Amino acid sequence: MMNLTLNWIGLKTLVRKEIVRIMRIWIQTIVPPAIMMTLYFIIFGKLIGPRIGSMGGFDYMQYIAPGLIMMSVITNSYGNVVSSFFGAKFGRHIEEMLVSPMSNATLIIGHVAGGVFRGMLVGVLVTIVALFFTKLEVQHPLITLSIVILSSTVFALAGFINAVFARKFDDISIVPTFVLTPLTYLGGVFYSISLLPEFWQKVSLANPIIYMVNAFRYGILGIADINITYAYLIVGLFVVGLFSVSLVLLNRGVGIKE
Amino acid sequence: MQALSIKKLTKIYSNGNHALKGIDLNVEAGDFYALLGPNGAGKTTAIGIICSLVNKTGGEVEIFGHSINRQPEAAKSCIGLVPQEINLNLFDTVLNIVVNQAGYYGIGRKLALQRAQEYLSELKLWDRRFEQARSLSGGMKRRLMIARALIHEPKLLLLDEPTAGVDIEIRRSMWKYLRRINNEGTTIILTTHYLEEAERLCRHVAIIDEGKIIEDAAMTTVLRKVQREVFVLSLGEALTETPELPGFEAQLNDPFELEVAIDAEHDLNNLFAILSRQGIKVASLRNKANRLEELFIRMVEKKQKNNAAAIASTP
Numbered sequence: 252m253m254n255l256t257l258n259w260i261g262l263k264t265l266v267r268k269e270i271v272r273i274m275r276i277w278i279q280t281i282v283p284p285a286i287m288m289t290l291y292f293i294i295f296g297k298l299i300g301p302r303i304g305s306m307g308g309f310d311y312m313q314y315i316a317p318g319l320i321m322m323s324v325i326t327n328s329y330g331n332v333v334s335s336f337f338g339a340k341f342g343r344h345i346e347e348m349l350v351s352p353m354s355n356a357t358l359i360i361g362h363v364a365g366g367v368f369r370g371m372l373v374g375v376l377v378t379i380v381a382l383f384f385t386k387l388e389v390q391h392p393l394i395t396l397s398i399v400i401l402s403s404t405v406f407a408l409a410g411f412i413n414a415v416f417a418r419k420f421d422d423i424s425i426v427p428t429f430v431l432t433p434l435t436y437l438g439g440v441f442y443s444i445s446l447l448p449e450f451w452q453k454v455s456l457a458n459p460i461i462y463m464v465n466a467f468r469y470g471i472l473g474i475a476d477i478n479i480t481y482a483y484l485i486v487g488l489f490v491v492g493l494f495s496v497s498l499v500l501l502n503r504g505v506g507i508k509e
Numbered sequence: 030m031q032a033l034s035i036k037k038l039t040k041i042y043s044n045g046n047h048a049l050k051g052i053d054l055n056v057e058a059g060d061f062y063a064l065l066g067p068n069g070a071g072k073t074t075a076i077g078i079i080c081s082l083v084n085k086t087g088g089e090v091e092i093f094g095h096s097i098n099r100q101p102e103a104a105k106s107c108i109g110l111v112p113q114e115i116n117l118n119l120f121d122t123v124l125n126i127v128v129n130q131a132g133y134y135g136i137g138r139k140l141a142l143q144r145a146q147e148y149l150s151e152l153k154l155w156d157r158r159f160e161q162a163r164s165l166s167g168g169m170k171r172r173l174m175i176a177r178a179l180i181h182e183p184k185l186l187l188l189d190e191p192t193a194g195v196d197i198e199i200r201r202s203m204w205k206y207l208r209r210i211n212n213e214g215t216t217i218i219l220t221t222h223y224l225e226e227a228e229r230l231c232r233h234v235a236i237i238d239e240g241k242i243i244e245d246a247a248m249t250t251v252l253r254k255v256q257r258e259v260f261v262l263s264l265g266e267a268l269t270e271t272p273e274l275p276g277f278e279a280q281l282n283d284p285f286e287l288e289v290a291i292d293a294e295h296d297l298n299n300l301f302a303i304l305s306r307q308g309i310k311v312a313s314l315r316n317k318a319n320r321l322e323e324l325f326i327r328m329v330e331k332k333q334k335n336n337a338a339a340i341a342s343t344p
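Read top to bottom, the protein sequences are chains B and X. All residue numbers for the first sequence refer to our numbering, where the first residue is 252 and numbers rise by one. All residue numbers for the second sequence refer to our numbering, where the first residue is 30 and numbers rise by one.
There may be inaccurate statements among the hints.
[To be verified] Partial selection, computed: residues in chain X whose CB lies under 7 Å from chain B:
#1 Cys80
#2 Leu82
#3 Phe93
#4 Ile97
#5 Arg99
#6 Glu102
#7 Asn118
#8 Asn129
#9 Gly132
#10 Gly135
Think of the hints as simulated: they come from the structure by calculation, not from any bench. This structure is a prediction, so every number in the text was calculated from the model and none was measured. All C-beta atoms, glycine included, are put in the ideal place defined by N, C-alpha and C.
Just chain B, same shape as in the assembly (with noise of 0.2 Å):
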């Protein structure tokens, strides 16, 4: 039987410790997601956009603003429990925890914790800085909030599992280089799928960040691609069984214990 206190004590502790983490590297958690996003802003929203005028009856800064939120808190969510988790490991410090009675699904909640609050961080900086281009008036509040803390989830404990399976720093860039960044590009941030051919809609709906992107866009603005039920289903499914596989791995001692 789990000892709840016991657990629950071991979670606010580890939320607190990334908390920490991430407020004492704010130069290289905070500010560079901020930048970039600037930048995007700039760039796209500004110089490009005009000339790409309207997207789905949104000027097309309007438009990328929503996706460009998600993005950031994408990466940085999946950013912030690959790279402490797998620092942790790498540092051998991940064996004051394994040593603890602390429980397997507490370990993973504390980092994944720590992942959503570096996600919603950065989400909130980049949601400044789009208020400073461009007016957002967020048409469904419940659905904006839900579906970027699941999507936030479902990244960070994507990200946890890579750091149990990577074994080098290498190991820890290659999944956001190869899978993530293209996924996030070809995941609706900047276009609606709806101007792509046939074929490479149905291509795009393959993607669960498509959902991710549309829902929270549905939430800003009130348009989507799809259909918002799917896009919590498959979020919701997505949460529940990287959960799981993070916990069967962890039970295993996968890439942690020998």
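Chain X: place on chain B using the hints.
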């Protein structure tokens, strides 16, 4: 009550290395136990399994009656580990490291801070509490790992070469501290390559070699097995040649230093009587090697010879 009970513990690594070959070990609560063995003997693997850092291949491990497989939470709560290698988050502060560790054991922040002050002061680290661990010296890092291991007040403390690379002054202060917490009731299992350390601190000793326990007994029983000791005598006056010492094997290292081997059937009184009759003045004497070291080397060498003989006799 047994603090630790190990039955038929085996570990085969994925590379085929058979690190533990069915060891049995029992440590009584309150004991100070030495687990000795040459490099690669299986000590750290055994400790890794006890602490759930290494998956075992077979066997049973119980900590104060709690199985590490069936009741991991209860078993882990009893253990504090000071590992062989520095595994601190070097970018975290001294205070955060110990307070966070307390949190992982379910200790609230208020109590954790109180205990952190107590243990860090005790281990002379309180003044450095806001510094990052990377700024500490090697000895301080070792002491910080001890404070971290004690913050949840474990009943069983596992020390895997805690004084490796630590200067003698700090090592002695650590011995004093460990002796004190053992007297206060903490069971301690120590692995070390400093056999003097084991002889001074521990009441029981197990010697592990090539994944098997080759000796497991009270320290006094083990030391009684030492049949021969070598003493180095500093002489008051210079000698030109090795003196005749009937019953003793002697060797003059230099005009002022005489080395004498004494077997179990002879004693120092005999030796001094002979030296005195010959007018040889002894200023001081010391053991060439400590007794446990003599025994340890002999046991490990004997096992290696037996293995070599077995291989040679295999058709």
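* To do: Classify the hint on X/Arg99 as holds or violated, based on whether any CB of chain B lies nearer than 7 Å to its CB.
  => Because about 12 Å separates X/Arg99 from the closest Cβ in chain B, which is outside the 7 Å limit, the hint is violated.
* Asked: Is the shortest C-beta separation between X/Asn129 and chain B less than 7 Å?
  -> holds, 5 Å
* Status of the hint placing X/Gly132 at chain B (closest C-beta pair under 7 Å) -> holds, 3 Å
* X/Asn118 as an interface hint toward chain B, with CB separation required under 7 Å -> Holds. Min distance 4 Å.
* **Satisfaction of the X/Phe93 interface hint, Cβ to chain B closer than 7 Å** => Violated - the Cβ of X/Phe93 stays beyond 7 Å from chain B, reaching only about 13 Å at its closest.
* Asked: Once the shortest beta carbon distance from X/Ile97 to chain B is found, is it less than 7 Å?
  -> Cβ of X/Ile97 sits 11 Å from chain B, so the hint is violated.
* Status of the hint placing X/Gly135 at chain B (closest C-beta pair under 7 Å) -> Hint on X/Gly135: holds, closest Cβ of chain B at ~3 Å, below 7 Å.
* Asked: When the nearest CB of chain B is found for X/Leu82, is that gap smaller than 7 Å?
  -> Cβ of X/Leu82 sits 6 Å from chain B, so the hint holds.
* Double-check X/Glu102 for me: the hint is only fine if its C-beta lies closer than 7 Å to a C-beta in chain B. => holds, 4 Å
* Any CB of chain B closer than 7 Å to the CB of X/Cys80? -> holds, 5 Å
Consistency note: the structure conflicts with the earlier hints numbered 3, 4, 5.
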